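Asks: As a plain string of letters, each chain reads:
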Amino acid sequence: MAEKALVEAIRDAMDDEMGRDEDVFIVGEDVGQRGGVFRATEGLFEKYGGMRVVDSPLAELSIVGVGIGAALYGMKPICEIQFADFIYPAFNQIVSEASKMLYRSDGAWPVPMVIRAPYGGGIGGGLYHSQSIEGFFTHVPGLKVVVPSTPYDAKGLLISAIRDPNPVMYLEPKKGYRLIRGEVPEGEYIVPIGPANITKSGEDLTIFAYGMMHFYALKAAENLEKEGISVEVVDLRTLVPVDKDTILKSVKKTGKALVVHEDNLTGGYGGEIAAIIAEHAFTYLDAPVRRLAGPDVPAVPFSHPMQEWFMVNEDKIMNAARELANY
Amino acid sequence: MDLSSEVMREMYWMMLLARRLDERAWVLHRQGKIAFHISGIGQEAAQVGAAFALRKGEDWVTPYYRDLALMISLGLTPKEYVLSLMGKAGDPSSGARQTPSHFSLRRVNAVSQSAPVATQCVHASGIGLAIKMKKTNQVVLTTLGEGSTSQGEWYEAVNWAAIHQLPVVFLVQNNQYAISVPPEMQMAVKSVADKACGLGLPGISIDGTDVFGVYKSFLEAFETARSGNGPTLIEAKMYRLTPHSSDDDDRTYRSREEVEEHKKKDPLLLARQVLLEKSVATEAELDTLDKKAKEMITEAVNFGEQAPYPKAEEGMHPVYFEEVQHG
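If you read the sequences in order, they're chains Z and U. Mapping to the working numbering: the first sequence position 245 is 245, numbers consecutive. Count along the second sequence starting at 1, add 1000, and that's the number in the working numbering.
Source of the hints: derived by calculation from the structure; they are not laboratory data. All of these numbers come straight from a predicted model, not from anything done at the bench. There's no promise every hint is true.
Unchecked claim - Taking lysine to aspartate or glutamate pairs in the EDC-like style, the calculated list, with each CA pair at most 20 angstroms apart, reads: (1) U:Lys-1134 - Z:Glu-3; (2) U:Lys-1135 - Z:Asp-23; (3) Z:Lys-219 - Z:Asp-296; (4) U:Lys-1134 - Z:Asp-243; (5) U:Lys-1135 - Z:Glu-314; (6) U:Lys-1132 - Z:Glu-314; (7) U:Lys-1132 - Z:Asp-204; (8) U:Lys-1134 - Z:Glu-17; (9) U:Lys-1134 - Z:Asp-21.
What the hints assert, rightly or not - Here chain U is said to cover these stretches of chain Z; the calculated rule only asks that three of the stretch's residues, wherever they fall, bring their Cβ under 8 angstroms from a Cβ of chain U: (10) 84-94; (11) 106-115; (12) 231-240.
Even glycine gets a Cβ: it sits at the ideal position worked out from N, Cα and C.
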C-alpha cells in the first residue's frame, strides 16, 4: 500500500469516481488547467477535459448554485470553494436551496452534490485564508458535514460523499494537505458517512476532535501516555450526522471529556458534543466537560506570533488534558 | 408561424383558467379559507406564451411564485393548486410545506422554488450546463420579476449561461413593481433587456400582454438555445394588476387611477379580442369556456375543502434522501 499525503488521497477519490461514473464532474475556481491552488485536482483536467473539470467564473454562489442545478438534472457535481473563507457568497444557495430542496419538495428533488472547502489556519493565511466554517453548516438540517483527518479516511469518505444522494459539505484541513501522510489503498473503498473512529484507546479521559485538531490530539495523547496519562482519542470524522453512540460509549468508559476544535469557542460545534454528553452521560462524568477551542476573535490574525496565539496546537491540548486528568 | 385556431383557443383557455383560479384564491382569502395568496393576475400572457413554446415534459423550467398560468399550462391542475392554497395533503409542489405558489412539479421537470428571489436562475444555468454535458436538445426556461434582476444571483446565472452558451432562456416578467418599488429604483437602464449587452447575450423587450406575440418570441429563443446557439434574455413588459400578495395594500404606493388605466390592457381581454377578431371563437363559445372554468374551480375548491391535512408528524420528513426511500 502506498503512503500518500492527504491532498493526494482527495485527488485519488475524485479521479476514481470520475473514472467510474461519467455523471461526476468538478466545478470551481482554478480547478482546470491549474489543477487547483492546492493542486487537489492536478491532472484531472488533462484526463477528463474541460467539460468535466470546469473552471468557474470568480463567483462562489454560482459555483454552488450551478452545481445544484446540475444535481437536480441528475449529475453528481463536486463544487470546490477555493478557501472556506470565500464560501459566504454561496451561503444562500447552500442554506436556502441545497439543504431545503428535498424537504420543501416533499422528496421530489434530491440534490446529490459535494461541496469541498479547504479550511483552517496555521498556514500564514491571515483572516481570510484561515477560517473554520463548520459551525455555520452543522446547524443546518439537510446537509451532511464531513471532516477527514487521515489520508485513508479522506479518500474513503470523499467517495462516500460523492455517492451520497444528499448535499455533503466536505471540509478539508488544508494545513494537513501535505503534512498528514498515511497508507491509502489503490482503487475503490468506502469509509461510511456517520461513524466516528476511536483512533487511540485509553482509560483516564477522552479527547473528541476532528480534522487538523484530531492530528494534534493524537500526538498529544501519545506524549501524555509517557507521563502516565491514558488518553482515548475519538476522531469524529462526520459532524452531521454525529455518532452519539461512540461518543457516549467512550465518555462512559473514561468519565472525562475534552472537546477540541480550531473554530472559535462560542456557538462552536464543540458545544453540541458537550451538550450530548451532559444530556446522556451526566452521571458517568468525573469532571465537567472541557472545551478547548480557538479564541473568540473575528478570525485568525496574520502575524506569526498572533497566529500561533490563536491556533490550538499539541501543547495546548496536552495542557488542557493534564488539567482535566488531575481534576 | 401562424398558430392554428385550436392552439389559440387552448392558449386562451389556459389564461382563462389561471385567471379564474387566481381570482378565486383572492375570494378564498377574504373568506378566511386560506392564509395567503400571491397572485399572477396580469401576467398570464407572458407565461402561457412561453409555456406553449416549450416541449412540455421534456424541457426544464425553474419558475417563480407568480407563475400560476405557466404551471397550469404545464399541467398543474386546479385541484392540485387548491391543495397547496389550503395547505392540504397531496399538494404536489411541496406536500404543503411551502407557502402557496412556490411551485414544483417533477413530472414536467418544473423545479421547486424558494422565496429568496433569483436563486432559481442559477439552478437553470446548472441544468443548462448538465444538458450541454449530456448533449441532449432540451432547453431551460427560468422566470423572475424585474426586481429579481437586481440580485447578484441573477447576474451570476446569466454570466454562466453566456460564457458557456447554455440553452437557457431568461423570462423577466417586468410587472412594474417589486412589491412597492418601481423599476427606476431598481435599475438605471430603461429596459431589463439593456442589461444583456453587458453580459454578452441577446436581450429583447417584448409586449408581455400579447400572448400570441410572446409565443413567437419564445419559439425563436428556444430554437436558438436548442440548436446550441446560446441563451436569450427576454423582458416581457406587463402590469401587476393586484397587490403584491394578500398581505399587501397597494393603495399605499400607487393610485387607483393608475391601476384602472392598466386594466384596459388586461392580457386576458386582449386575447379574447384577438380570438373574436380572427373568428377563432364566438362570444358564446368564450362565455361557455368561462362557465366551464368556474365550474372546474368550484369543483376543485370543494375537493380541497374535503381533502385531509397532512399529519403533523409528516413535518419530520424528508430531511435526507434516505427518508424518502424508507419513509
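Asks: It remains to establish, for every hint, whether it holds in the given structure.
Replies: Comparing the hints with the structure gives:
Between Lys-1134 of chain U and Glu-3 of chain Z the CA atoms are separated by roughly 37 angstroms; this puts the pair beyond 20 angstroms, and the hint is violated. Between Lys-1135 of chain U and Asp-23 of chain Z, the direct Cα distance comes to roughly 13 angstroms. Compliance with the 20 angstroms bound is thereby established for this hinted pair. Between Lys-219 of chain Z and Asp-296 of chain Z, the direct Cα distance comes to roughly 25 angstroms. Violation of the 20 angstroms bound is thereby established for this hinted pair. For the suggested pair Lys-1134 of chain U and Asp-243 of chain Z, the alpha carbons sit about 39 angstroms apart, so the restraint of at most 20 angstroms is broken.
Distance check on the hinted pair: Lys-1135 of chain U and Glu-314 of chain Z sit about 53 angstroms apart at the alpha-carbon level, beyond 20 angstroms; violated. With a C-alpha separation of about 50 angstroms, the suggested pairing of Lys-1132 of chain U with Glu-314 of chain Z is violated against the 20 angstroms cut-off. At most 20 angstroms may separate the alpha-carbon atoms for a hinted pair to count; Lys-1132 of chain U and Asp-204 of chain Z exceed this at roughly 58 angstroms. Pair hint Lys-1134 of chain U plus Glu-17 of chain Z holds up; C-alpha atoms about 18 angstroms apart against a cutoff of 20 angstroms.
Under the criterion of a C-alpha separation no larger than 20 angstroms, the hint pairing Lys-1134 of chain U with Asp-21 of chain Z is consistent with the structure, at around 13 angstroms. Chain U is given as covering the stretch 84-94 of chain Z, and this holds because 3 residues of the stretch bring a CB closer than 8 angstroms to a CB of that chain, at least three being needed. Three residues within the 8 angstroms Cβ limit are the bar, and the stretch 106-115 of chain Z against chain U gives 6, so the coverage statement holds. For the stretch 231-240 of chain Z, the stated coverage by chain U is violated: 0 residues have a C-beta nearer than 8 angstroms to a C-beta of that chain, whereas at least 3 were required.
When held up to the earlier numbered hints, the structure conflicts with 1, 3, 4, 5, 6, 7 and 12 and fits the remainder.
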